[in-house]
Amino acid sequence: MSTPNKFSAQLTEDGKLRHLLRLEGLSREFITHLLDRAESYQRPAGDTPARDTILQGHTVANLFFEPSTRTRASFELAAKRLSADVLNLDVNMSSRIKGESLLDTIYTLQAMQVDIFVVRDASAGIPDFISSNVQSQVSVLNAGESDVAHPTQGLLDLLTIRQNKQTLDGLTVTIIGDIAHSRVARSVSRGLTIMGDNEIRLVAPQGLTPDMGNYPGAQFTHDINAAIEGADVVMALRIQRERIKEKSSLMTNHEYLQYFGLTEERIALAKPDAIIMHPGPMNRDVEIAGAVADGPQSVITQQVRNGLAIRMAVLAAVMESR
Amino acid sequence: MSTPNKFSAQLTEDGKLRHLLRLEGLSREFITHLLDRAESYQRPAGDTPARDTILQGHTVANLFFEPSTRTRASFELAAKRLSADVLNLDVNMSSRIKGESLLDTIYTLQAMQVDIFVVRDASAGIPDFISSNVQSQVSVLNAGESDVAHPTQGLLDLLTIRQNKQTLDGLTVTIIGDIAHSRVARSVSRGLTIMGDNEIRLVAPQGLTPDMGNYPGAQFTHDINAAIEGADVVMALRIQRERIKEKSSLMTNHEYLQYFGLTEERIALAKPDAIIMHPGPMNRDVEIAGAVADGPQSVITQQVRNGLAIRMAVLAAVMESR
Amino acid sequence: MSTPNKFSAQLTEDGKLRHLLRLEGLSREFITHLLDRAESYQRPAGDTPARDTILQGHTVANLFFEPSTRTRASFELAAKRLSADVLNLDVNMSSRIKGESLLDTIYTLQAMQVDIFVVRDASAGIPDFISSNVQSQVSVLNAGESDVAHPTQGLLDLLTIRQNKQTLDGLTVTIIGDIAHSRVARSVSRGLTIMGDNEIRLVAPQGLTPDMGNYPGAQFTHDINAAIEGADVVMALRIQRERIKEKSSLMTNHEYLQYFGLTEERIALAKPDAIIMHPGPMNRDVEIAGAVADGPQSVITQQVRNGLAIRMAVLAAVMESR
Chain A
36 MSTPNKFSAQ LTEDGKLRHL LRLEGLSREF ITHLLDRAES YQRPAGDTPA
86 RDTILQGHTV ANLFFEPSTR TRASFELAAK RLSADVLNLD VNMSSRIKGE
136 SLLDTIYTLQ AMQVDIFVVR DASAGIPDFI SSNVQSQVSV LNAGESDVAH
186 PTQGLLDLLT IRQNKQTLDG LTVTIIGDIA HSRVARSVSR GLTIMGDNEI
236 RLVAPQGLTP DMGNYPGAQF THDINAAIEG ADVVMALRIQ RERIKEKSSL
286 MTNHEYLQYF GLTEERIALA KPDAIIMHPG PMNRDVEIAG AVADGPQSVI
336 TQQVRNGLAI RMAVLAAVME SR
Chain B
36 MSTPNKFSAQ LTEDGKLRHL LRLEGLSREF ITHLLDRAES YQRPAGDTPA
86 RDTILQGHTV ANLFFEPSTR TRASFELAAK RLSADVLNLD VNMSSRIKGE
136 SLLDTIYTLQ AMQVDIFVVR DASAGIPDFI SSNVQSQVSV LNAGESDVAH
186 PTQGLLDLLT IRQNKQTLDG LTVTIIGDIA HSRVARSVSR GLTIMGDNEI
236 RLVAPQGLTP DMGNYPGAQF THDINAAIEG ADVVMALRIQ RERIKEKSSL
286 MTNHEYLQYF GLTEERIALA KPDAIIMHPG PMNRDVEIAG AVADGPQSVI
336 TQQVRNGLAI RMAVLAAVME SR
Chain C
36 MSTPNKFSAQ LTEDGKLRHL LRLEGLSREF ITHLLDRAES YQRPAGDTPA
86 RDTILQGHTV ANLFFEPSTR TRASFELAAK RLSADVLNLD VNMSSRIKGE
136 SLLDTIYTLQ AMQVDIFVVR DASAGIPDFI SSNVQSQVSV LNAGESDVAH
186 PTQGLLDLLT IRQNKQTLDG LTVTIIGDIA HSRVARSVSR GLTIMGDNEI
236 RLVAPQGLTP DMGNYPGAQF THDINAAIEG ADVVMALRIQ RERIKEKSSL
286 MTNHEYLQYF GLTEERIALA KPDAIIMHPG PMNRDVEIAG AVADGPQSVI
336 TQQVRNGLAI RMAVLAAVME SR
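Chains as they are written, first to last, in the numbering used here: chain A, 36 to 357; chain B, 36 to 357; chain C, 36 to 357.
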């Protein structure tokens, strides 16, 4: 992941989006274009959702090797509203029973003229591996890859911040939680670095300190209060209870909230107009107090709404690269 | 569930159907309108099914927390034949793994512009809980709620009776089985009380006596033969083997059929033109003899057919309430 | 399965395809017509897939009692590209929990106006049983039946051979593997016998000798090298590891490849322009060497592509028989 060539593998020679594997390698202009396009697909709540026929006659396969309600539903509805045929494959329950290799599954679906693979997997490198093996008319979208990348999440976070702050430059963004295992933190952090001169502050409990090589330009601290002070954006990450237990076995949910959770007292340290974000699904009253999640500064629902629009924009963009 | 206000929560101020949570609170005229509309969606077997574009561009999410082939398939096909996009969510296998709260799941899907939630759950109160938390353009349909309500089943039973008896007034209807745990019995019983002056006779084995407060206007007996005598409609309920075992541990399937099952001898006690109903799925030769299920008085298949038409009518009705 | 009447049950009186249960009983002309029709649905890779509206307004139910990624996906996409509504039913997880009988499930779905049942089951006789119980406007397609039949697989194999050899007559076809338990071998073997005067050579390990009564006109040997010599077509079957273990407990994967696998050395015994087939999913380096599967003579991907076209042709044909 260190050469520009590797990064640009997701773009065609004339700069169109063939795959979306990560935000690294995308330009500020290109991301701006994706965010604008996503906004063009948004409608007020209660209106009929935006539709487009750009994927009519084309097939999107959701290959989710990790369970996910919201991301799968978001991609499925995005594809359907662009008029695609959608194939949902729960690969755990069928071919993996028979020991079929991943690549044979991909070749099989490709032979059925699947145009776009939406892939979520707990192992690192799977989206890259697939994208480097498909035919030239096929696109791969990373829908969550181990602790490495979750680019559509990063884009929806950028869109949400832009809609609330009217800029993606000069902001102070604080991200709190299990940074060490978070594809969400990595993608949004990378996106913020591309989009402008932003101050990114990362906070994690003792045992969950990240490899800062994955966060160029960001700062790390264990002091949550200092990290929130004066922030424009405060994002809590989902905590994996398994990992809390393992790493700091004495911390209960209540203690986690007390020491690392977003409480009302704590967000009062941020700027008065700071927004509160969470990628979902939330553990209420663990990493975020229920009152904060539902409070006036929370933009969590807006993140979900933007997620669908971003996925429509990305699906449309890869279709246009053909 | 005792005040008219509570009952009317499913209607808009101008009397349109916003949610369908139970039959209580619906007027005779309104139910008649739903049955008529359902009939307008029926076509002879072999003809192409009726279609409508009323849900075009809209999204229906099936949230089934209890497994169900027939009810889920019925709602799914009803929605597709009205041109909706359909999202099937098996919540056990995805978000509940991650401990996401029910309400967060609903808010998430609502932010994706899901218009109608079809909800089935083994706990009482879930459809009401959801309906009181969604935005004003979103509707909730109860597809089976614990032992409390199953309103589309009640409506399809009413339609089936009306088609065969040409009236929903002045009938004697006998319902046999595990009345104490039956959302089906409660919904059809309530519907019959709304629609006319009907005699409703409930029969259950010793250990399964219902709380008659849930069955206003109905009579209860343990004497199955007396209850069937002279009936216009005889409905057997599905028996949950677990419950038979627990309550009356000595009764085998054969004994259940003998003492509480619909046998040919027993249905001869009803009126000669009585119809035989069962909500399905059947335990053949337990609560109903195979020969009765397949016999000339059985309208069980017609119930299934009517179920799809009723679900189309209800989906169309809530869409028009917006 | 011995009388012409039984065989012709899948055809209407005027010779149209009502059900597809097996290839026995289909004429050379009829199969040729299906292969031609399938080819009419093929498009070059990268083009938009062929679409048709012949199933518009109709409903296809996939009843898969055995897990399958590729066959289910193939039927699902075939149906969608013909504009059908598709219902996927994983029967293990819902109605079978409640002990609903198979026939009641079918009657239920039929009452919902399902037009075509695509059935896959590990038990012999299920597709026949269903087809003899449905209404006259309903069709049943066998998508894999125990070790008995897999007719769409047989048809796609015939199409693949015809596309490569420009004939289905006078060919030498070698099939290697667990012939005794292979519905694939039985269907393609039957198809080759119908289509022309072909030499069919079957090869299996010691414990997996087939009942040759199921393979009229074919020859059997344990000598794999002799069987491959001079062949036009060499097909490896998927080996079920469970069965190898049971029958010849000392054979490792590596030994299986050595004694019964398609290696590069071994396929050099066939004609220079021989094609290599496998129904998938493959156990690479067990029944087929990876280099052979990916080599220039392999037509395995073409088989998958043809599978989708064949399923479209069969779905369209049964719809036209109505």
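No lab work stands behind these hints, which were simulated from the structure alone.
Among these hints, one or two may not hold up.
Said to hold, decoys possible - Lysine-lysine pairs mimicking DSS-like chemistry, simulated, CA-CA at most 30 Å apart:
| hint | chain 1 | residue 1 | chain 2 | residue 2 |
| --- | --- | --- | --- | --- |
| 1 | B | Lys115 | B | Lys306 |
| 2 | C | Lys115 | C | Lys306 |
| 3 | C | Lys115 | C | Lys51 |
| 4 | A | Lys51 | A | Lys200 |
| 5 | C | Lys115 | A | Lys115 |
| 6 | A | Lys115 | A | Lys51 |
| 7 | C | Lys200 | B | Lys115 |
| 8 | A | Lys115 | B | Lys115 |
| 9 | B | Lys306 | B | Lys200 |
Could you work out which earlier hints the structure fails to respect and list their numbers in ascending sequence?
1, 2, 7
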